[in-house]
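Here the structure of chain A is known, so what remains is to put chains B, C and D with the ligands in place on it, guided by the hints.
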Amino acid sequence: MDYVIPRDENLPDLRVNIGSLEIANPVMTASGTFGYAREFENLMNLHRLGAVIVKGISLYPRAGNPPPRIVETACGMLNAIGLQNVGVDRFITEKMPYLHGLNVPVIVNILGDSLAEYEEITVRLAGVPGVSGIEVNISCPNVKKGGVAFGTDPIMAAAVTGAVKKKTDVPVMVKLSPNVSDITVIARAVEDAGADAISLINTLIGMAIDLPTRRPALANIIGGLSGPAIKPVALRMVYQVARVVSVPVIGIGGIESAEDALEFMLAGATAVQIGTANFINPRASEEVVEGIEAYAKAEKLLSIRSIIGGLRLE
Amino acid sequence: MDYVIPRDENLPDLRVNIGSLEIANPVMTASGTFGYAREFENLMNLHRLGAVIVKGISLYPRAGNPPPRIVETACGMLNAIGLQNVGVDRFITEKMPYLHGLNVPVIVNILGDSLAEYEEITVRLAGVPGVSGIEVNISCPNVKKGGVAFGTDPIMAAAVTGAVKKKTDVPVMVKLSPNVSDITVIARAVEDAGADAISLINTLIGMAIDLPTRRPALANIIGGLSGPAIKPVALRMVYQVARVVSVPVIGIGGIESAEDALEFMLAGATAVQIGTANFINPRASEEVVEGIEAYAKAEKLLSIRSIIGGLRLE
Amino acid sequence: MSQYQEIATVARIEKFANKNFRLTLDCPQIAASAKPGQFVMIRTGIGKDPLLRRPFSVHQTSSGGRLQIYFKVVGRGTEILAQVKTDQEISVLGPLGRGFRLNVNAPAILIGGGLGIAPMLFLAKENCRLKRNCANDLVLLGAREKNEVEHLLDDFKRLGLRLLIATDDGSLGHHGLVTEILQSTILPPGCTVYTCGPEAMMAGVSRICQAQDIPCQVSVESVMACGMGACLGCSRPAKDGSYTHVCLNGPVYDAEDLLWTM
Amino acid sequence: MSQYQEIATVARIEKFANKNFRLTLDCPQIAASAKPGQFVMIRTGIGKDPLLRRPFSVHQTSSGGRLQIYFKVVGRGTEILAQVKTDQEISVLGPLGRGFRLNVNAPAILIGGGLGIAPMLFLAKENCRLKRNCANDLVLLGAREKNEVEHLLDDFKRLGLRLLIATDDGSLGHHGLVTEILQSTILPPGCTVYTCGPEAMMAGVSRICQAQDIPCQVSVESVMACGMGACLGCSRPAKDGSYTHVCLNGPVYDAEDLLWTM
Ligand SMILES: Cc1cc2nc3c(=O)[nH]c(=O)nc-3n(C[C@H](O)[C@H](O)[C@H](O)COP(=O)(O)OP(=O)(O)OC[C@H]3O[C@@H](n4cnc5c(N)ncnc54)[C@H](O)[C@@H]3O)c2cc1C
Ligand SMILES: Cc1cc2nc3c(=O)[nH]c(=O)nc-3n(C[C@H](O)[C@H](O)[C@H](O)COP(=O)(O)OP(=O)(O)OC[C@H]3O[C@@H](n4cnc5c(N)ncnc54)[C@H](O)[C@@H]3O)c2cc1C
Ligand SMILES: Cc1cc2nc3c(=O)[nH]c(=O)nc-3n(C[C@H](O)[C@H](O)[C@H](O)COP(=O)(O)O)c2cc1C
Ligand SMILES: Cc1cc2nc3c(=O)[nH]c(=O)nc-3n(C[C@H](O)[C@H](O)[C@H](O)COP(=O)(O)O)c2cc1C
Ligand code: FES
Ligand code: FES
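Just so you know, the protein sequences line up as chains A, B, C and D, in that order. In short: position in the first sequence from 1, add 154, done, that's my numbering. In short: position in the second sequence from 1, add 154, done, that's my numbering. In short: position in the third sequence from 1, add 1303, done, that's my numbering. In short: position in the fourth sequence from 1, add 1303, done, that's my numbering.
Among the hints, erroneous ones may be present.
Listed next, the in silico SDA-like pairs over lysine to any residue satisfying Cα-Cα at most 25 Å (straight line) [claimed, not checked]:
| id | chain 1 | residue 1 | chain 2 | residue 2 |
| --- | --- | --- | --- | --- |
| 1 | D | Lys1449 | D | Ile1484 |
| 2 | A | Lys451 | B | Leu365 |
| 3 | C | Lys1318 | D | Ile1349 |
| 4 | C | Lys1542 | A | Lys451 |
| 5 | D | Lys1388 | C | Arg1325 |
| 6 | C | Lys1542 | B | Thr367 |
| 7 | D | Lys1388 | D | Asn1408 |
| 8 | D | Lys1542 | B | Glu468 |
| 9 | D | Lys1388 | C | Gly1380 |
| 10 | C | Lys1460 | C | Ala1335 |
| 11 | A | Lys451 | B | Thr367 |
| 12 | C | Lys1375 | D | Ile1349 |
| 13 | C | Lys1322 | D | Leu1405 |
| 14 | D | Lys1388 | C | Lys1460 |
| 15 | D | Lys1542 | B | Glu248 |
| 16 | D | Lys1375 | B | Arg369 |
| 17 | A | Lys320 | A | Pro283 |
| 18 | C | Lys1322 | D | Val1387 |
Beyond 10 Å from chain A on every Cβ pair, some chain D residues (computed) [what the hints assert, rightly or not]:
| id | residue |
| --- | --- |
| 19 | Tyr1307 |
| 20 | Val1313 |
| 21 | Thr1327 |
| 22 | Asp1329 |
| 23 | Pro1331 |
| 24 | Asp1352 |
| 25 | Asn1406 |
| 26 | Thr1488 |
| 27 | Ile1489 |
| 28 | Gly1544 |
| 29 | Asp1560 |
If you are wondering where the hints come from, they were derived from the structure by calculation, not from laboratory data. Positions of the beta carbon are idealized from the N, C-alpha and C atoms, including for glycine.
Looking at chain A on its own, in the form it has when it is part of the complex:
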């Protein structure tokens, strides 16, 4: 599907490309932190977003983990939502119509326990009006391989990527887990397998304990760390990956402001995603768009693309 992106010639050009998808600006919402967008309709202008990425969708509905599912940590939070979602079929019938009506590209974050599940979700999403891209979450454990996450093994990561690519025409972004020894190995593997873009990072694995009760703060014991605390790790990984792949890299992790977003772009990100910040400031992603626009104007950039990877190292 083609979006007509209105361009005011007096404003800087904020458009960037994710594979064959052109988006109006480099700001997307991160999966699992923006619901299905509708939750924010009263609080911000959804039309300002470069793209909406929805909560991870699985083949069948998932109930998610028992509470407590979240806990605050220093400058961050842990979550163990347990990938609660309505499943791909109900997503298509219940959530997509509204999203489609937004006239903003919708990228569907998908997850599975096996290659076959990833494939089947992709097949069901094929041709659904409004679906402009797929983001493959490979941080989930592979049930067939003893629960090791797809995202920590380059061969498995590539296999998932290839499987999804074969079943869809829309751009495929692969979202990497940061919990690996060498992120560039995974990144190169998914690029070779056909990924149109690489999103990073997903959450770091962490844990919190409630001392008074001597219990884990999360029912699931471990959870995913997000927020400003992880920004330095995310920025480093974006920098490392952007130097070794030629597909666009999407920066994610602790981005709260336009300054944060621009730093990721300097490090090599073509676009960014806003996650935890949406919880604190529902207008965060819109403000990031506004701030990037203001920066581009102030710096007299014809196109925001000119700062991608523009970190000065000399």
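Chains B, C and D with the ligands in isolation, oriented as in the chain A frame:
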């Protein structure tokens, strides 16, 4: 060397054992964050410490990295000190006499670019009065193997551990890097190779950018992330490792208070190290000792050992 | 349903007990649209730590665009909030959640325990406003000690409601639990119970109501990150085996729709 | 060398220019042992963000146990510090570093630029106290504009020192750089120069001094985590090719011992 640890029978027993080394309480200072202890003598009671771990020592003096070497991040900091140190020989002659006089166990953190260097430092430290233990930092790049850190490959990690163990009689703690896909694999490898204890975590690799100049905030571009921001990751790794090894685990990462320290002990740590917190509150480690003592009293614990691994999971 | 992210100005700070505070905020958009039982999410600090907003029930609103919260210091966020100064600006998000479904045709029994008293004042006001005559209605308030409740009594009394108090230490009213009063009081026939308080108290209230076949609405808590249905963090097991999300489907529920483990 | 971690009380807050503030702190132990050119590390916030202390030169001390800092808001830490209230408590660590080595037998030329004026007042006071007669000495102050410097002039004048001012915009004194005054002024023979200010200014001053063979001490800055020699974060290239640590070996150096790249 044996320390006589005075015990007041009215106070809870805070002693813990690291291999053959008994320490008066489970609180040590983390390498690189406490200088050579003397820097703190005016500001705290050094004798209250369970042990002092000194800045990483290499075979030859190292000048370290050009500035800027540090930058603050959200609830954390990045450092790229570049392992500046005076070298093992000057350490022994210039720094050890003072440390020896403290009557507090001194554990020497060592690092090298090759197996031979680790061995040679260990040989030179053998028999030096006051050296009660060695902590092997395996986060450094192995120059012989293309710069991959010893700490990310279980075979290399085990080799370093074995090499050091062979050359010393004091307990050997191996300090792991958290920048790996599966910390338990490395932990088991160094345990099998003879490590008397496992310290974790060292810093997460991160990066920061100064937007106005479009330059990396650190001259070294990347650095090590420490402070409260990383505590959830550290706690998770301590929990994971303590379940699969039988040697003591030393918890490190974002510990600022007795509550933090006790959480690490519940997760399975036998002792803890205080790092970045020393910069903010030079009395941090002493206050952690006091707080642990107060907790043990309030909870009527005969020995602090009774809470190690005491996380309630039912 | 309109929601706002408003920069509110602190108009007044009242310190009741040692750790209990009431804040009056100039916050016209949220104040104008809030309903009893709804809540707001407040940023307590300016930096990145504490990171998340904290949820607080709307305690009352005024037609002059003011909104009150009544809270207790229990941790870092509330400690910072207790230190705000008059005229300081704080970010408030709301109104959020589903409030009480007030049945104006039934006598109302309002039961607030501890900080659960907070939303009860707003509900009592709305109840009396809509019914005009609320002589048949009853408010039961429970607290640990006198200090925690006495400063709020005038506000309730002014509405003309019958008021019964219980304190754990007997320093005011019945010496014991508010559920004990509930059990020993003869309730007006056809009444509806609305309650908010500690989990154990609400479980007790809902048991009593169930036994007597009295409709009972409870306002429950949960840890929250977003307060608006985006994170799915505030899950709570529902009677039907699924998870309900307190910020969206609650905080007010029919007691019978929830699982009570206490 | 004694150092203290003290809980200081804010005694007075002065706002000079838009972003320039002077804080007077009740901080008796540190005030009693601080020397000109030394600095303190201050926790600006209470939470974990901002995490690290921030370094500030000691601006002056009083025999009554007070210590002043003079600072400019440039980022998050100083922004929070600018919002302290009288009687608020803040944690101060110090005195830290090596201060100026005052030569009481030589005429003193004190040169402060921008916020580098901060330590110069303390040095000027000590200089006049020790020498009794400081009519031969000279103070040169440079600032962007009048507002940044004029509020401090009285404090200097009271000491009986000769005073020359330069402002970038000409709003007070010489229109231009303080180094221009230095070059155009005939300096007393055998004098010593003490300076603190922006890197480019100090580089200029040290060049001029070197050309005229005048001993020159500079107080330099660096990012710091600990301020006490524990982290090795505050390195700066020294003339001999090694790194020196500003918090321990500095902040005051003989200009010739440092590398000047500007
Ligand atoms: C819908 C809703 C409405 C609420 N309304 C009110 C209100 O009107 N007045 C009010 O005082 N509080 C209310 N709360 C509770 C309030 O949100 C918490 O007390 C607050 O978030 C604690 O923040 P903190 O940073 O001070 O504590 P934290 O630092 O987050 O936690 C400190 C300690 O307090 C415990 N704690 C956390 N939340 C609670 C809680 N809800 N009750 C008791 N202990 C807790 C934690 O487990 C921890 O041990 C409400 C909560 C919800 C979900
Ligand atoms: C020994 C020593 C003495 C000092 N004495 C004084 C003093 O008396 N008065 C005073 O106002 N300042 C003084 N400074 C500088 C002061 O420490 C910094 O301005 C302060 O730490 C900035 O903190 P921040 O959180 O506001 O800024 P940050 O948020 O840390 O930084 C914000 C921005 O300011 C820049 N910045 C950081 N440090 C400085 C700096 N030193 N100068 C200019 N820009 C900076 C950063 O690069 C960043 O772009 C001194 C520094 C040292 C090392
Ligand atoms: C509550 C919550 C739920 C999330 N759910 C998903 C998900 O379903 N799929 C996914 O790929 N990432 C998920 N994430 C990860 C985010 O998309 C993002 O990668 C991560 O939070 C880091 O970004 P941030 O620091 O800006 O939040 C979730 C994060 C949070 C906090
Ligand atoms: C400035 C600095 C220097 C460090 N130097 C060393 C070192 O020489 N050897 C080492 O093993 N770890 C070193 N570390 C890592 C710490 O010992 C510790 O593992 C890490 O900082 C995490 O703990 P924290 O969050 O409490 O600081 C250093 C950390 C910092 C901040
Ligand atoms: S708090 Fe986020 S969904 Fe309820
Ligand atoms: S600031 Fe830590 S050594 Fe200088």
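Going down the list of hints, with the structure as the test:
no.: 1; hint: D:Lys1449 / D:Ile1484; in the structure: 16 Å, holds
no.: 2; hint: A:Lys451 / B:Leu365; in the structure: 15 Å, holds
no.: 3; hint: C:Lys1318 / D:Ile1349; in the structure: 22 Å, holds
no.: 4; hint: C:Lys1542 / A:Lys451; in the structure: 55 Å, violated
no.: 5; hint: D:Lys1388 / C:Arg1325; in the structure: 22 Å, holds
no.: 6; hint: C:Lys1542 / B:Thr367; in the structure: 57 Å, violated
no.: 7; hint: D:Lys1388 / D:Asn1408; in the structure: 43 Å, violated
no.: 8; hint: D:Lys1542 / B:Glu468; in the structure: 63 Å, violated
no.: 9; hint: D:Lys1388 / C:Gly1380; in the structure: 20 Å, holds
no.: 10; hint: C:Lys1460 / C:Ala1335; in the structure: 24 Å, holds
no.: 11; hint: A:Lys451 / B:Thr367; in the structure: 17 Å, holds
no.: 12; hint: C:Lys1375 / D:Ile1349; in the structure: 20 Å, holds
no.: 13; hint: C:Lys1322 / D:Leu1405; in the structure: 53 Å, violated
no.: 14; hint: D:Lys1388 / C:Lys1460; in the structure: 39 Å, violated
no.: 15; hint: D:Lys1542 / B:Glu248; in the structure: 24 Å, holds
no.: 16; hint: D:Lys1375 / B:Arg369; in the structure: 24 Å, holds
no.: 17; hint: A:Lys320 / A:Pro283; in the structure: 19 Å, holds
no.: 18; hint: C:Lys1322 / D:Val1387; in the structure: 23 Å, holds
no.: 19; hint: Tyr1307; in the structure: 27 Å, holds
no.: 20; hint: Val1313; in the structure: 27 Å, holds
no.: 21; hint: Thr1327; in the structure: 32 Å, holds
no.: 22; hint: Asp1329; in the structure: 31 Å, holds
no.: 23; hint: Pro1331; in the structure: 33 Å, holds
no.: 24; hint: Asp1352; in the structure: 6 Å, violated
no.: 25; hint: Asn1406; in the structure: 42 Å, holds
no.: 26; hint: Thr1488; in the structure: 39 Å, holds
no.: 27; hint: Ile1489; in the structure: 43 Å, holds
no.: 28; hint: Gly1544; in the structure: 22 Å, holds
no.: 29; hint: Asp1560; in the structure: 28 Å, holds
Violated hints, in rising order: 4, 6, 7, 8, 13, 14, 24; the structure is consistent with all others.
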